[in-house]
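Respectively, the protein sequence lines represent chains A and F.
At position 259 of the first sequence (counting the first as 1) the number is 258 in numbering that gives the first Met the number 0, and the numbers step up by one without a gap.
At position 113 of the second sequence (counting the first as 1) the number is 112 in numbering that gives the first Met the number 0, and the numbers step up by one without a gap.
None of these hints come from the bench; they were simulated from the model.
Wrong hints could be hidden among the right ones.
Cut-off 30 Å, straight-line C-alpha distance, at most; resulting in silico cross-link-like pairs (DSSO-like, lysine-lysine) [as the list claims (entries may be wrong)]: (1) F:Lys376 - A:Lys189; (2) A:Lys408 - F:Lys354; (3) F:Lys75 - F:Lys376; (4) A:Lys189 - F:Lys230; (5) F:Lys216 - A:Lys176; (6) A:Lys176 - F:Lys75; (7) A:Lys146 - F:Lys230; (8) A:Lys484 - A:Lys511; (9) F:Lys354 - F:Lys75; (10) A:Lys176 - A:Lys146.
Some chain F residues flagged as far from chain A (calculated, every beta-carbon gap over 12 Å) [said to hold, decoys possible]: (11) Gly247; (12) Val292; (13) Gln367; (14) Thr378; (15) Thr447.
Backbone N, C-alpha and C fix where the C-beta goes; we use that ideal spot for every residue, glycine too.
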Amino acid sequence: MRNSNPILPILSLLLAAAGCTGTAGDGRRGASPNGANVPPGTAATSTGGGSSTIPGGPGSPGSGTGGAVGVGPTLPTAPSGAVFGPTLLRRLTNIEYRNTVQALLNAPALATEPLQPDSLTNGYDNVSVSLTVPPSLCAQYAELAAKQTLQAFNVPPCAAPSTETECASTFIASFGKRAFRRPLTPAEQKTYEGMYADQRTRADHAGGLRQIVQTMLQSPYLLYRFELGLASAGAQRTLTPYEVATELAYLFTASTPDDELLAAADNNALATPAQIEQAGRRLLALPAAKPALRRFVQGFEDTLGLDMLSKDPAVYPSYTPELRGALQAESARFIDAVLWEGDGTYASLLSAPFSFVNDTLAPLYGVAAPGLGETLVKATLPPTERRGFLTQAAVLAAHSKPGESSPVKRGKFIRVGLLCQDLPSPPAMVPQIQPPAPNLTTRERFAAHSADPACSGCHTLIDPLGFGLENYDGIGQFRTTESGKPVDASGSITGTMDLDGSFTGALELASKLTASQEAKQCLTLKAYSWAFGRAALAPERAVVNKIAEPLGVTGLDIREALVAIARSDNFQFRSFR
Amino acid sequence: MTRSLLKRRALLQQLGASAFLAAPVFRSVLAEAQATAPLRLVVFHFPSGVSMLDRGADYAVQGSTWSYDHVLASLKDIQSDILLFNNITMPTADVVTVLPELEGHGGGVRTMLTSNTNQAERSYGDATSIDQMLANAFGSRTKFGSLQLGVITNTNGTSFARRVVYNNGTYIEPVENAQATFARLFPGATVPTPPSPTMTPDPQATAELAALHATGKSRLDQLRAELTAIKAIAGVDEQSKLDLHLTGLRELENSLPVIGSTPGATFQGVTCAPPNIGNPPTPTGFVKLDNPVDYIQELGPVMQELMYQAINCDLTRFATFQWMSTGDNNIYPFLAVNQTHHTLEHGWREDDNMKGMYDRIQNWLMLQISTFIKRLKATPEGNGSMLDNTAVLVVSEMWGEHGHDELIALIAGKAGGAIRTGRTLDAGGRPHGDLLLSLVNIMGLNATTLGDPKYLTGPLNLG
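Produce the complete structure using the sequences and hints provided.
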């Protein structure tokens, strides 16, 4: 499976020591004893003679040579014939950027950040194709870098016998490595030393260092996560240890690699699945893993947009900003409890009999207010009404209309969001469902969908799923009657692998999902997309299902799913594109 | 601006503050334009077309002429400055072979300014919208090659299915934050403070400016070198992403203080000044579907005013403004609209109440856009007005029957005399790419094709 090839000279050089002093040259992989040829124009090809300043490290063995070929650490070779995801440059999300700057400067990020919001694609904010740096954002990065440097960067002391120039060189090497998540190449080191010297003609030592920091905080080497790798065979690439460290750090902590992870990369100790797993598990135990994984689950629940979710006050006068805040807090606290205080499984997410309420939220769930104001307290919810995230007000409200529930939104969420099935677009001119009326239930109004043959084709796949959640109104309040009539919460599922059949109410639906392999595969697929910042390619679905299979037996621990993804070949290998 | 303020800024800069705190507003870029005024293209996109017909009327019988009596009422008094279009089609919108989400809305919005078909993958091939074609050719003449602003554009579908501006396949999102836009357009300005035209250069201030320039340029040179190195090793799909990033660096460089420049007295229009934007709401998170959106009435006009001043100060000549998102899923209580815009677009023919709500949204939008157009018209330039040297294309990605067989479009302004206004032009069913081609050529390109050439027949004569 995994062979070992001698690593590129430049990389071994980088791995040997941060303060290396190689001479510029042509570090083509083709020169390796294995004779792996590098296709022209790929990342493993030097772009222009010996003076190229393309840095070593992630995906860019363009400059520097001098390490003895065949000596030093080795990188695994991609298994032949397998399909891997494309090489990518993934811009950091705003949250990742903020965490990164905070870690680099070891200071809280500025309270007001001017970065424009990332857009959500399919519920997530980390989809690589949507993460670009338009001119407006480029200017915001520049502004933020300036402010952060000015306000949060503490200039390290420089004491005799070191000269200021020596201190600057040391700082550039150490800060540069942490900012770029890999050691600087000798050429880069020299360039930044030159920048410092140039700035010293206009400013003092501190001003010179600030110039370095301000530049690196907006450098593309910081802004983009590199997943370019080094040529393995043909178009296949093996991610460098630093790229793997970066991948792990952002996956499990939404931040930059810590010193221990960078040290592991230095020692080429992120080369095997076991090593990657070990590093991943260490990260999972860090406090930063909690908000990082919470965000994944919130994306899965499609509740990341909740802070902007409004409701019609005429219909739902109790939906105040306080209640909305309570819904968000409850959802977050519940996810944390399942992941870190419970068994972390999808089954628990679907079926936990408890949640967390405060005084604002308790009436919605019909439980006694704890009497502690905004503080959330763990509570057992009415067992015939609530179990798991599907019955949580945050999730139900997010998949509703402003003034009513929505069998369509909810049905679509279950089929597309929880089962990962595709639905065709609605036709151009669709008949309208009549607005809420005093004498009709939601279900009765939506019957038009099954009556009209133009709609029924798709809506038989959607509405009967959503009807099963009709016991919950547009903000997730439990109801047994609507418009003076009893609620009919019977639903049915068709067109699935192992869920087909009828059910009544959310609790039965949750039970069906808990037992479903298709649902587990879908969660794993979402985790996979989240880990890689892109939709899975069609051939990758088989890989995902393979990852999900053994996990299914133990109830699919979400943390284990992510670890399994990190262990997979697809974590370490790419196809250059 | 006083010298002490300038010195303070220089000091901040030395301490590491942004180059934007310096004084690029006062950069003279218009010496060339004294003889002939610059040509400009402004595009307003608004979603979901208009209901040009009475409810239940037969489109084929009645035709689809815009009417100044209904949705265009706010433009009635300047109709001599307006060219209406009739009978233009958008066939490229319906060529969709890849992604189902591009059908209908997405297909329309992507091709609207590119005339590309939707066969390409998500990156949208090499599609370049007309504003970007012009910015690529002439954008270096102004501080910002182009400008993209908008309001509530994030509510429908995936990001690549709701964007109108593309450069070599990569979309450019509009900015919706007034404060950030103000800071970007008018760095250093805190309140509307028109510059003193009598200020004389000061040797010390000049030296400080030179230091600011050198410091900022050193950073930008390094960042550009890094991006260029990355471009050389990145894959084909990432190239346009990196190009877009490089464009941003170029703009930053244009923002650097200019050595030896004399602040003041270099603005284009007599009214050019950083606008007083007040304190409009800032969209901070993701806009969720079905949101009641009242803040648009406060934020929208401010964003338009920022765009007006960007044009007026000649900070850019190519600007796009996106009002809402295609398939807009918001509701607008301040217009007594309690169903989503998108729902109304689909259903207005069925119900008087829905048509009323739909029309209220479109009338309000047109009123906003007319305000911008009238601002240009009220701004003297040469022997006429700024509007005379501008083409303001107002366009929607589909019309109120949810189709693309009739492009909803008008142009305000004469573009230096190339466009004959005050009439309706019947295009005889020609594709909208022809109109786009005419526009870029009027603006100075010598283009023979754009978008998908299969859907072009040649420039439309607008004169």
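Tested hints:
This hinted pair does not check out: lysine 376 of chain F and lysine 189 of chain A have alpha carbons roughly 55 Å apart, beyond 30 Å. Under the criterion of a C-alpha separation no larger than 30 Å, the hint pairing lysine 408 of chain A with lysine 354 of chain F is consistent with the structure, at around 24 Å. For a cut-off of 30 Å, the pair hint linking lysine 75 of chain F to lysine 376 of chain F stands: about 14 Å separates their Cα positions. Annotation: proposed proximity of lysine 189 of chain A to lysine 230 of chain F holds, straight-line Cα distance about 21 Å (limit 30 Å).
Annotation: proposed proximity of lysine 216 of chain F to lysine 176 of chain A holds, straight-line Cα distance about 23 Å (limit 30 Å). With a CA separation close to 63 Å, the supplied pair lysine 176 of chain A and lysine 75 of chain F exceeds the 30 Å bound. Restraint check for lysine 146 of chain A and lysine 230 of chain F: the C-alpha separation of about 28 Å stays at or below 30 Å, so the hint holds. Distance check on the hinted pair: lysine 484 of chain A and lysine 511 of chain A sit about 27 Å apart at the alpha-carbon level, within 30 Å; holds.
About 22 Å separates the Cα atoms of lysine 354 of chain F and lysine 75 of chain F, which keeps this hinted pair within 30 Å; it holds. Annotation: proposed proximity of lysine 176 of chain A to lysine 146 of chain A holds, straight-line Cα distance about 22 Å (limit 30 Å). Residue placement check: glycine 247 of chain F does not keep its beta carbon more than 12 Å from all beta carbons of chain A (closest about 3 Å). A beta-carbon of chain A is positioned within 12 Å of the beta-carbon of valine 292 of chain F; the least distance is around 8 Å.
No beta-carbon of chain A is positioned within 12 Å of the beta-carbon of glutamine 367 of chain F; the least distance is around 21 Å. Distance check for threonine 378 of chain F against chain A: the nearest CB is about 25 Å away, which clears 12 Å, and the non-interface claim stands. The claim that threonine 447 of chain F lies off the interface holds: its Cβ sits roughly 29 Å from the closest Cβ of chain A, which is beyond the 12 Å cut-off.
In the structure shown, a violation is registered for the earlier hints numbered 1, 6, 11, 12, in ascending order.
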